[in-house]
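There are 6 protein chains.
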Amino acid sequence: MRPSKRAAEDLRPVSLERAVSRHAEGSCLVKFGETHVLCLASVGEGVPPWLKGSGRGWVTAEYGMLPRSTSERMRREAAVGKQGGRTQEIQRLIGRSLRAVTDLQALGEKQITVDCDVIQADGGTRTAAITGAWVALHDALAWMAARSMVRENVLKDQVAAVSCGLYRENAVLDLDYAEDSEAEADANFVMTGRGGVVEVQATAEADPFSQEQFDTLMGMARKGIDELISLQKMTVA
Amino acid sequence: MRPSKRAAEDLRPVSLERAVSRHAEGSCLVKFGETHVLCLASVGEGVPPWLKGSGRGWVTAEYGMLPRSTSERMRREAAVGKQGGRTQEIQRLIGRSLRAVTDLQALGEKQITVDCDVIQADGGTRTAAITGAWVALHDALAWMAARSMVRENVLKDQVAAVSCGLYRENAVLDLDYAEDSEAEADANFVMTGRGGVVEVQATAEADPFSQEQFDTLMGMARKGIDELISLQKMTVA
Amino acid sequence: MRPSKRAAEDLRPVSLERAVSRHAEGSCLVKFGETHVLCLASVGEGVPPWLKGSGRGWVTAEYGMLPRSTSERMRREAAVGKQGGRTQEIQRLIGRSLRAVTDLQALGEKQITVDCDVIQADGGTRTAAITGAWVALHDALAWMAARSMVRENVLKDQVAAVSCGLYRENAVLDLDYAEDSEAEADANFVMTGRGGVVEVQATAEADPFSQEQFDTLMGMARKGIDELISLQKMTVA
Amino acid sequence: MRPSKRAAEDLRPVSLERAVSRHAEGSCLVKFGETHVLCLASVGEGVPPWLKGSGRGWVTAEYGMLPRSTSERMRREAAVGKQGGRTQEIQRLIGRSLRAVTDLQALGEKQITVDCDVIQADGGTRTAAITGAWVALHDALAWMAARSMVRENVLKDQVAAVSCGLYRENAVLDLDYAEDSEAEADANFVMTGRGGVVEVQATAEADPFSQEQFDTLMGMARKGIDELISLQKMTVA
Amino acid sequence: MRPSKRAAEDLRPVSLERAVSRHAEGSCLVKFGETHVLCLASVGEGVPPWLKGSGRGWVTAEYGMLPRSTSERMRREAAVGKQGGRTQEIQRLIGRSLRAVTDLQALGEKQITVDCDVIQADGGTRTAAITGAWVALHDALAWMAARSMVRENVLKDQVAAVSCGLYRENAVLDLDYAEDSEAEADANFVMTGRGGVVEVQATAEADPFSQEQFDTLMGMARKGIDELISLQKMTVA
Amino acid sequence: MRPSKRAAEDLRPVSLERAVSRHAEGSCLVKFGETHVLCLASVGEGVPPWLKGSGRGWVTAEYGMLPRSTSERMRREAAVGKQGGRTQEIQRLIGRSLRAVTDLQALGEKQITVDCDVIQADGGTRTAAITGAWVALHDALAWMAARSMVRENVLKDQVAAVSCGLYRENAVLDLDYAEDSEAEADANFVMTGRGGVVEVQATAEADPFSQEQFDTLMGMARKGIDELISLQKMTVA
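Chains as they are written, first to last, in our numbering: chain A, 1 to 237; chain U, 1 to 237; chain W, 1 to 237; chain F, 1 to 237; chain S, 1 to 237; chain Y, 1 to 237.
Chain A extracted, bound-state conformation (with noise of 0.2 Å):
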């Protein structure tokens, strides 16, 4: 039994808010339950200096937390002078996650970033992070498009993502912290609209897993993945 009466393969409800932002080209207001992602494109101009002259753009991601979108309030990154290992692995994660479905040559010399800041956390932040930036990076491509600045293209497809893990020895689908914070195992999943695999991270928290555990896990994540994927069509339609 999961401690939200969840069957094992359920999502939590989850919502796809577009246009919440004054300012951004592209915004997303992500929710996988009581986890609450803020998804923000934004549009510039220049490009890191690696690709200076190359003709093709980037799209990058940055991650935080509010202090207190956790049970206990942690210390805010920007006091303490650095964002710490989990922050910096999230952030790479996800911009990796947005250019594995965008054609970077297509962009052009822009870059676009998506920041993700955690509003509420129960888990999950990052794969719900990654789910919404999608939606916030479709639209700030839009705009693009409809300023002539992009042709209509540069998106080549969908990506989502969701966790699962081994709580109480039973494959269970997106995580809430009460289940991730005893978890035996975690695991989380990158897929396209095409069923493509654009990540994979497996964690043992505890013993080692099987296989055959991983591989009902990750067809598990498969099923999550449709219906997110499903969802932000119906989003961006």
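These aren't lab readings, by the way, just hints derived from the structure by calculation. Treat the hints loosely; a few may be bogus.
As the list claims (entries may be wrong) - Think about it this way: if two alpha-carbon atoms lie no more than 30 Å apart in a straight line, the pair counts; the simulated DSBU-like pairs of lysine-lysine are:
#, chain 1, residue 1, chain 2, residue 2
1, F, Lys82, W, Lys82
2, A, Lys82, F, Lys52
3, Y, Lys110, Y, Lys156
4, A, Lys82, U, Lys52
5, F, Lys52, Y, Lys82
6, Y, Lys156, F, Lys82
7, U, Lys31, A, Lys31
8, A, Lys82, F, Lys82
9, U, Lys82, A, Lys52
10, F, Lys110, S, Lys52
11, W, Lys82, U, Lys110
12, U, Lys110, A, Lys82
13, W, Lys82, W, Lys156
14, F, Lys82, Y, Lys110
15, F, Lys52, S, Lys52
16, Y, Lys110, F, Lys110
17, A, Lys82, A, Lys110
18, U, Lys82, Y, Lys82
19, S, Lys82, S, Lys31
20, U, Lys110, F, Lys52
21, S, Lys82, W, Lys82
22, W, Lys82, A, Lys82
23, S, Lys82, Y, Lys223
24, F, Lys110, A, Lys82
25, U, Lys82, A, Lys110
26, F, Lys31, F, Lys52
27, Y, Lys82, A, Lys82
28, S, Lys82, F, Lys82
29, Y, Lys82, W, Lys82
Said to hold, decoys possible - Label pairs and their calculated CB-CB ranges:
#, chain 1, residue 1, chain 2, residue 2, range
30, Y, Lys233, S, Glu45, 54 to 60 Å
31, U, Met1, W, Gln105, 25 to 31 Å
32, F, Gly85, A, Gln211, 28 to 34 Å
To be verified - If we take Cβ atoms under 10 Å as the criterion, some of the chain A residues that face chain U in the derived model are:
#, residue
33, Ser42
34, Gly44
35, Arg73
36, Asp117
Think of the CB as a built atom: it goes at the ideal place given N, C-alpha and C, for glycine as much as any other residue.
Please arrange chains U, W, F, S and Y on chain A, whose structure you already have, making use of the hints.
Structure of chains U, W, F, S and Y alone, referenced to chain A:
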């Protein structure tokens, strides 16, 4: 004529929404027009070193802006590696304003931290933050009182804040960004429910202003703050 | 009775000594009683990035305290690795005050940096710094004019500053440390030679103060600043 | 054809040299072809704050690259003033991998830190580091057991790691730098002596990969890790 | 011919002014010609961690330069966010020099910190700092002895320092900036009242120097230091 | 009797191994007994800003210690976030020593960076580093000459270094850690192949030393450096 068509003495539409966080002991989403600040109050055990053993508590604030809360994306302070001078000024101001109406002796050796994070900015973020932070602080103290952690009367008064300025030579209340960026003078006032003055910060942006102009601004602020105090009262009633 | 036996409206003995540096283009050692601040103005070629190509110049200030300028030794900010919030507030204030009386267009694309370093502190370092920094700025501009780098009239007015406060329920001018550490309210005023107001910063340390008390402080400050303006005039005559 | 002429399922020549440090309690110089990593395990008394009084110990890792371990000299992280995101990701991965096979309760309140410093890099530094760090950890625990600081069976299993990837559309094992920089997909697997999975990290560099491709990589990794586990066993026998 | 017209073995005019700070327990403004360094000694209770419980005290120094103490304005180290290598070298040198003549056992578990801040620089700031810091340390120890915090004889000897160098192929004493910036070799010597050597630091700026040249510099330094020792003696008599 | 049984004037066994890196243009693993330093020279295009357009090149060094190169594990400087004062002193010393024998004009606008990383420490790491860095620099310049990037004679001379000290009142050459940690005086000398002096750094650890003692140390160092110069000559022959 103000860009927003408001009369000189008009506040923007103001709203104070309580209990917006699953985790924080007190919370308020404050909106001054298109300026939206999330204020989350966290109750903690420790006090700063200089208060250890004094029997007195502490109230402090931290302030941040989401990178794309503004019209142009700003660099993330956590990525830069330090909080800028403006951030530090504002969070010190919020903290002083809250402490001015708190009985730190009655609080006992506990610390309340109010995180004020700007979700969307359109001028006046610091005054909105103070006004909303008071609500969050109020609710955190009520939470403590309900658990017999403090007596009921830790909060001595209400406190709220508003900006005024000279815009095209006219005194106007509660500047939005369009006004703020062009104003000849910019002033922030923090006052209490009983009419006391907690902070005055007035700055000439270009030419100095006269004593008479300053007095007009201060009078106008007093009226605006009275309205905010009334709204706070209704909010926590 | 004030600890220093001064009457309520008395400044401490103030002195402004020019040309105290072998290297700086303008310099002033300002003393407000036992508060001693060395103000050194440096003329530089560059302007900040946002002014490049604008034809306008910039005046800025940096502020520091020697670690043992105070009664208890403070940690050296260079060793700590960052400037504290108070330091940043003060140097921003000094910079704004100087720019309020400078014709940045007439200065052209050059930058003048005034370093204000507190050699010895006894309260009121920021107001002493502003008052002395104006003299250093004046002399740096005279140095430039003598070399035909600017026209004579870059400086539009004088600017000086003083603190006031409520000490044992009485309004007093130019608080020293003994008063400052006990004052119920603390206010800093920056005004020009022609009587304009550049900055007002007033803070209730404990209980809020009344409008009437504030008006008394502001009136008292005006008189003190008039004296400082006269002394500046004699100094650079 | 691989640049190194290796068959698809061939590891590079691997060596594990123990006892290479005069000072460290356990040490191993691991070579995967031209990738050389020095792994030094240090036994310390303290544990991190969150374990104080728990009776449990901790195993952690730090990772670094000599600035000219790579083809182009990199900036020294100590000079830059922080560890990059990649460094933090890798040292967190090494630490988790080692803890997965350590009985932290049996270790008691002590900490073992394994420093993995890349002397020369040619791809696969993190997988070499994990494989060598296990040997260093083994020897440090043996050192402790010899001094009756722990019982013999703190180490529950072996752990080793290897990379796989899609290079010119073929699955290949243990990528060197020439392959890694061109690979379409890159995956790192960490597994135990008894065949359990500790970590999976797979990333599509350009186009997403299919489930089938992923399964091939994972199968190939399993065989490679089995070889590494055998080599470790001979090394510490 | 030296730029200053001094003979090869001439010191610049040197002055040591005591009791120049209202707050510091010992203080000295030292001038070697146009090089002016303010040395303020602070008595503190704590000792560094490695001395806790040892019964021994510590003497340390910090060094800084005002940004415009030099001909060209330097960046403020507190703003840069760290102390440069030269600063750290110098403050370590001053600290070692002072400890060489202090009986740390007799001092007991207290720490004296001597802040040496360069108000104006014209070459030789580190040697002036050492010479002045000894006076400040002397007076701080006298202050402690007067309060029975230490016995009288904590200070075992005097210590002073001077620079020498090869300027246009001639050995000269106490280089000023004009000489220092052109010198072929630059050496700093720290010696005691009884003629012992505490530190020698000699550096060839361009071509190496010979043993004979080095011996000449060292002999010249000895005479200069003897003069400084005499002046210190008169100062604290 | 020295702990190592060496005679007073004996160096430890010294070895210089060239070409130890697959990537660096020049490399040397230097061993002074149990002190092992890896010196890797990197040829780069840029020069520091102050040399741009001067036609002159630059040689610099960076120094680091692996955290467990020492008897007790030290904190990793990259994790701490800055290089300590000792590290900066040493890398500045190595850089100066190498530049003293390099014709920077003949090098042209290129920079050679020599990374000296201590793999294992047993005293004398800086002198070993200088001695080995010269070999790495030599080989990097030979690499450049072979590609006609420089003429053959950029290197004007050899340079090597050794430590001496007073250990139990006797002058001894090339102190190892056991001696260094107890020595009454510690001196490092850097000299050239033709016998010129590049650097002298001598420090009294406890009581000052006499002129005579210093002269003995310097004479002893000269003999040791002559041996190191001979070994370098054979190494690069």
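A quick look at each hint next to the structure:
Restraint check: the Cα-Cα separation between Lys82/F and Lys82/W comes to about 16 Å, which is no more than 30 Å; the hinted pair holds. This hinted pair checks out: Lys82/A and Lys52/F have alpha carbons roughly 25 Å apart, not beyond 30 Å. Taking the CA atoms of Lys110/Y and Lys156/Y, the gap is about 17 Å. The hint holds against a cut of 30 Å. The suggested pairing of Lys82/A with Lys52/U holds, with an alpha-carbon distance near 28 Å, which does not exceed 30 Å.
The suggested pairing of Lys52/F with Lys82/Y holds, with an alpha-carbon distance near 28 Å, which does not exceed 30 Å. Distance restraint check for Lys156/Y and Lys82/F: the Cα-Cα separation of roughly 37 Å exceeds the 30 Å cut-off, and the hinted pair is therefore not satisfied. A distance of roughly 21 Å separates the Cα atoms of Lys31/U and Lys31/A; the hinted pair therefore holds under the 30 Å criterion. Distance hint between Lys82/A and Lys82/F is fulfilled; the C-alpha atoms sit about 9 Å from each other, no more than 30 Å.
Between the alpha carbons of Lys82/U and Lys52/A the distance comes to roughly 28 Å, so the proposed pair stays at or under 30 Å and holds. Annotation: proposed proximity of Lys110/F to Lys52/S holds, straight-line Cα distance about 24 Å (limit 30 Å). Proximity of Lys82/W to Lys110/U is assessed by CA-CA distance (about 28 Å); at most 30 Å being required, the pair is judged to hold. About 27 Å separates the Cα atoms of Lys110/U and Lys82/A, which keeps this hinted pair within 30 Å; it holds.
The suggested pairing of Lys82/W with Lys156/W is violated, with an alpha-carbon distance near 34 Å, which exceeds 30 Å. Under the criterion of a C-alpha separation no larger than 30 Å, the hint pairing Lys82/F with Lys110/Y is consistent with the structure, at around 27 Å. Restraint check for Lys52/F and Lys52/S: satisfied, since their Cα atoms lie roughly 23 Å apart, inside the 30 Å limit. The hinted pair formed by Lys110/Y and Lys110/F fails the criterion: a straight-line CA distance of about 49 Å is larger than 30 Å.
As the CA atoms of Lys82/A and Lys110/A are separated by approximately 27 Å, the hinted pair is consistent with the 30 Å bound. Taken as a hint, the Lys82/U and Lys82/Y pair is honoured in the structure, with Cα atoms around 16 Å apart against an allowance of 30 Å. Taking the CA atoms of Lys82/S and Lys31/S, the gap is near 27 Å; set against the 30 Å cutoff, the hint holds. With a CA separation close to 24 Å, the supplied pair Lys110/U and Lys52/F stays within the 30 Å bound.
Only pairs whose Cα atoms come within 30 Å are accepted, and Lys82/S paired with Lys82/W is accepted, the gap being roughly 8 Å. Between Lys82/W and Lys82/A the CA atoms are separated by roughly 13 Å; this keeps the pair inside 30 Å, and the hint holds. Pair hint Lys82/S plus Lys223/Y does not hold up; C-alpha atoms about 40 Å apart against a cutoff of 30 Å. Under the criterion of a C-alpha separation no larger than 30 Å, the hint pairing Lys110/F with Lys82/A is consistent with the structure, at around 28 Å.
The suggested pairing of Lys82/U with Lys110/A holds, with an alpha-carbon distance near 27 Å, which does not exceed 30 Å. For the hint linking Lys31/F to Lys52/F, the alpha-carbon distance of about 37 Å lies beyond 30 Å, and the restraint is violated. Restraint check: the Cα-Cα separation between Lys82/Y and Lys82/A comes to about 13 Å, which is no more than 30 Å; the hinted pair holds. In summary, the hint linking Lys82/S to Lys82/F is supported, as the alpha carbons are separated by about 13 Å, within the 30 Å threshold.
For the hint linking Lys82/Y to Lys82/W, the alpha-carbon distance of about 13 Å falls within 30 Å, and the restraint holds. Evaluation of the 54 to 60 Å hint for Lys233/Y and Glu45/S yields a pass: the beta carbon distance comes to about 57 Å. The beta-carbon spacing between Met1/U and Gln105/W, approximately 28 Å, falls within the hinted interval of 25 to 31 Å. Look at Gly85/F against Gln211/A: about 30 Å separates their beta carbons, and that is inside 28 to 34 Å.
Among the interface hints, the one on Ser42/A holds; its C-beta lies about 4 Å from the nearest C-beta in chain U, closer than the 10 Å criterion. Below 10 Å, beta-carbon pairs count as interface contacts, and Gly44/A has one with chain U at about 7 Å; its hint therefore holds. A least Cβ separation of about 4 Å between Arg73/A and chain U falls short of the 10 Å threshold, and the interface hint therefore holds. Below 10 Å, beta-carbon pairs count as interface contacts, and Asp117/A has one with chain U at about 5 Å; its hint therefore holds.
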